[in-house]
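**Student:** Since the structure of chain B is provided, determine the placement of chain H on it from the hints.
There are 2 protein chains.
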Amino acid sequence: MHGQSDLQSSLEMRRKPVQGFKGVLVPALTPFKGDLSLDEEAMLAFCRSLLEQGADGLAIFGTTSEANSLSLAERTAMVERLIEGGIPAGRLMPGTGACNIPEAVQMTRHAIASGAGGVLVLPPFYYKNVSDDGVFAYYAEVIERVGDGALRLYLYHFPALSGVSLSPALVSRLASAYGPVIAGLKDSSGSWESAALYIKEFPGLAIFPSSERFLLQGLAAGGAGCISATANFQVRNIRRLIDAPEGEARRELDQAVARVRGVFEKLPLVPALKAAMAIRFKREAWRVVRPPLVELSEAQRRDLASALDAVGA
Amino acid sequence: MHGQSDLQSSLEMRRKPVQGFKGVLVPALTPFKGDLSLDEEAMLAFCRSLLEQGADGLAIFGTTSEANSLSLAERTAMVERLIEGGIPAGRLMPGTGACNIPEAVQMTRHAIASGAGGVLVLPPFYYKNVSDDGVFAYYAEVIERVGDGALRLYLYHFPALSGVSLSPALVSRLASAYGPVIAGLKDSSGSWESAALYIKEFPGLAIFPSSERFLLQGLAAGGAGCISATANFQVRNIRRLIDAPEGEARRELDQAVARVRGVFEKLPLVPALKAAMAIRFKREAWRVVRPPLVELSEAQRRDLASALDAVGA
Numbered sequence: 004m005h006g007q008s009d010l011q012s013s014l015e016m017r018r019k020p021v022q023g024f025k026g027v028l029v030p031a032l033t034p035f036k037g038d039l040s041l042d043e044e045a046m047l048a049f050c051r052s053l054l055e056q057g058a059d060g061l062a063i064f065g066t067t068s069e070a071n072s073l074s075l076a077e078r079t080a081m082v083e084r085l086i087e088g089g090i091p092a093g094r095l096m097p098g099t100g101a102c103n104i105p106e107a108v109q110m111t112r113h114a115i116a117s118g119a120g121g122v123l124v125l126p127p128f129y130y131k132n133v134s135d136d137g138v139f140a141y142y143a144e145v146i147e148r149v150g151d152g153a154l155r156l157y158l159y160h161f162p163a164l165s166g167v168s169l170s171p172a173l174v175s176r177l178a179s180a181y182g183p184v185i186a187g188l189k190d191s192s193g194s195w196e197s198a199a200l201y202i203k204e205f206p207g208l209a210i211f212p213s214s215e216r217f218l219l220q221g222l223a224a225g226g227a228g229c230i231s232a233t234a235n236f237q238v239r240n241i242r243r244l245i246d247a248p249e250g251e252a253r254r255e256l257d258q259a260v261a262r263v264r265g266v267f268e269k270l271p272l273v274p275a276l277k278a279a280m281a282i283r284f285k286r287e288a289w290r291v292v293r294p295p296l297v298e299l300s301e302a303q304r305r306d307l308a309s310a311l312d313a314v315g316a
Numbered sequence: 004m005h006g007q008s009d010l011q012s013s014l015e016m017r018r019k020p021v022q023g024f025k026g027v028l029v030p031a032l033t034p035f036k037g038d039l040s041l042d043e044e045a046m047l048a049f050c051r052s053l054l055e056q057g058a059d060g061l062a063i064f065g066t067t068s069e070a071n072s073l074s075l076a077e078r079t080a081m082v083e084r085l086i087e088g089g090i091p092a093g094r095l096m097p098g099t100g101a102c103n104i105p106e107a108v109q110m111t112r113h114a115i116a117s118g119a120g121g122v123l124v125l126p127p128f129y130y131k132n133v134s135d136d137g138v139f140a141y142y143a144e145v146i147e148r149v150g151d152g153a154l155r156l157y158l159y160h161f162p163a164l165s166g167v168s169l170s171p172a173l174v175s176r177l178a179s180a181y182g183p184v185i186a187g188l189k190d191s192s193g194s195w196e197s198a199a200l201y202i203k204e205f206p207g208l209a210i211f212p213s214s215e216r217f218l219l220q221g222l223a224a225g226g227a228g229c230i231s232a233t234a235n236f237q238v239r240n241i242r243r244l245i246d247a248p249e250g251e252a253r254r255e256l257d258q259a260v261a262r263v264r265g266v267f268e269k270l271p272l273v274p275a276l277k278a279a280m281a282i283r284f285k286r287e288a289w290r291v292v293r294p295p296l297v298e299l300s301e302a303q304r305r306d307l308a309s310a311l312d313a314v315g316a
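Chains as they are written, first to last, in the numbering used here: chain B, 4 to 316; chain H, 4 to 316.
This is chain B alone, in the form it adopts within the complex:
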């Protein structure tokens, strides 16, 4: 447990200027109340605790955050509440993608104006089999309409959910056209080969695999760290893993972290992470997800609790 003064100094310490993101970023879960409304105060407390535990940044409004289940108004208001509540804006990488350009521009402008360290931008995800030209045009419109050299945009490659792949050829075109504005890429393909390819092809970009399973390999290959759903549950150990010297202790920690990840990978990921938070914080409302996601069943929750016990988490 940390007191308020520990929290303050911890946040103060992290308020140094951000030179691009690296390390472990948490795609923070979004707590709701029983009526499905966004629980801004629980979100603020949770984000504080993630930074206290060693998160380098907060990729709020990612897939794990149920971002696309939130309205634009909820997303912009939440950014403001977090910053008012003392979360350093430079530590925030809000997801600001949308299927439509006007709203992606609006959310991206708002994030930059708020001082966010960067934004994570999904491609438009309704139409399928779209061309690289079309996806390039989408990002180009967003970037040019935002029209701010301070923009640091992280591409969000998640073909299984978005249905749109950000090919290396497309990333290369964007990086050539927009220089430092294209700051990095989150690779949620779940494949090490995919992450390794982006790392190799784009040494100037911060490449974040989406799993702590690839953290050490990724860092060794020149990757930036990870933005992992399960960091919501074990960011403290991921922090220790990043900071640990090579050796047997690090290998053991790596395996322990992978075992915890494995528990969640067997279940619907977002509902399982929220169920784990409900157990950890002794607060049932943490289980609430917005439709179309559904909470874990009681049986699933029991299995989750046993499995977490079994791996010592």
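Careful, some of the hints might be misleading.
Copies of the same chain are indistinguishable here, so a pair counts whether it falls within one copy or spans any two.
To be verified - Calculated lysine to any residue pairs in the SDA-like style (CA-CA distance at most 25 Å, straight line):
#1 Lys269 with Arg216
#2 Lys269 with Leu256
#3 Lys269 with Ala310
#4 Lys131 with Ser197
#5 Lys131 with Gly193
#6 Lys131 with Lys269
#7 Lys131 with Ser40
Since the hints were made in silico from the structure, they are not lab data.
Predicted, not measured: the structure shown is a model, and the values here were computed from it.
**Tutor:** Then chain H, alone, in the frame of chain B:
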């Protein structure tokens, strides 16, 4: 060509109370200006012309309308402009689905308050492999939050793009729970077998296949008509087809309509329809699509023009 007074009487005639939709509904294309902004006046003129040509309704903000490439603000403002401009509200079936519940509720309430005859509601389309329970909960939340018995909701089954299938079991649950509020379903699966199944299982719902290819079979089986992308181009002939007595002339018209449909099916559908409108209305801006869609190439446009000539369209 119709004069203003013809238009007035034509619209007046259609201003009778709508008892649920049937016949041919056009998922109206959305015209943009060269800067990608929504061309409200061109949209109004286009919607008027579709009704003049015999459309029974306008399913604005469907997939063909690039609805998900429009902001919420654009969609609600456009509904208002159409009604101010004299389009009978009861003839409108706006798409009001969204990935998130608050915005789906906001757009649905707005449509009903505007007097729309119904709304067409996509399931939330970001998460994949979601359960029927989750999709049921989504529609249930939208319906209950809207909280208006005047709501007439048409389910939008388009698994290829939404990634979410509305199974007969799910439709049945919704119809049982919400009675007349669940008014119908648009089946954009592209499969006659699928449409035939919904028609058979749900005699109380207005089932609209998404292609005029299935119009006559569908009507004969008890379907409601069609909501077809290519109705943007040939609504006049689809109207004639619906109204024609059985016989050789009707069979020939049916084949002619299918040939025109076939021309568009060989190309990216929305860009091809917009290119055809640019030719018909001699107005290049009609070609403009929003990213991630891309306009047809010059070569594709030449092929389209030849193919339309070849089928006499």
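**Student:** Take the hints in turn and mark each one as holding or not.
**Tutor:** Going down the list of hints, with the structure as the test:
1. In this assembly of identical chains, Lys269 and Arg216 lie within 25 Å of each other by CA distance solely inside one copy; the values are 15 Å within and 44 Å between copies.
2. In this assembly of identical chains, Lys269 and Leu256 lie within 25 Å of each other by CA distance solely inside one copy; the values are 21 Å within and 55 Å between copies.
3. In this assembly of identical chains, the alpha carbons of Lys269 and Ala310 lie at most 25 Å apart only when taken from the same copy (10 Å versus 52 Å across copies).
4. In the homo-oligomer, the alpha carbons of Lys131 and Ser197 lie at most 25 Å apart both inside one protomer (21 Å) and across protomers (21 Å), since each shortest distance falls under that limit.
5. In this assembly of identical chains, the alpha carbons of Lys131 and Gly193 lie at most 25 Å apart whether taken from the same copy (20 Å) or from different copies (16 Å).
6. Within a single copy, Lys131 and Lys269 get their C-alpha atoms only as close as 28 Å, which misses the 25 Å cut-off; across copies the closest is 16 Å, which meets it.
7. Taking identical chains as interchangeable, the C-alpha atoms of Lys131 and Ser40 lie at most 25 Å apart only when they sit on different chains, with a minimum of 23 Å there against 31 Å within one chain.
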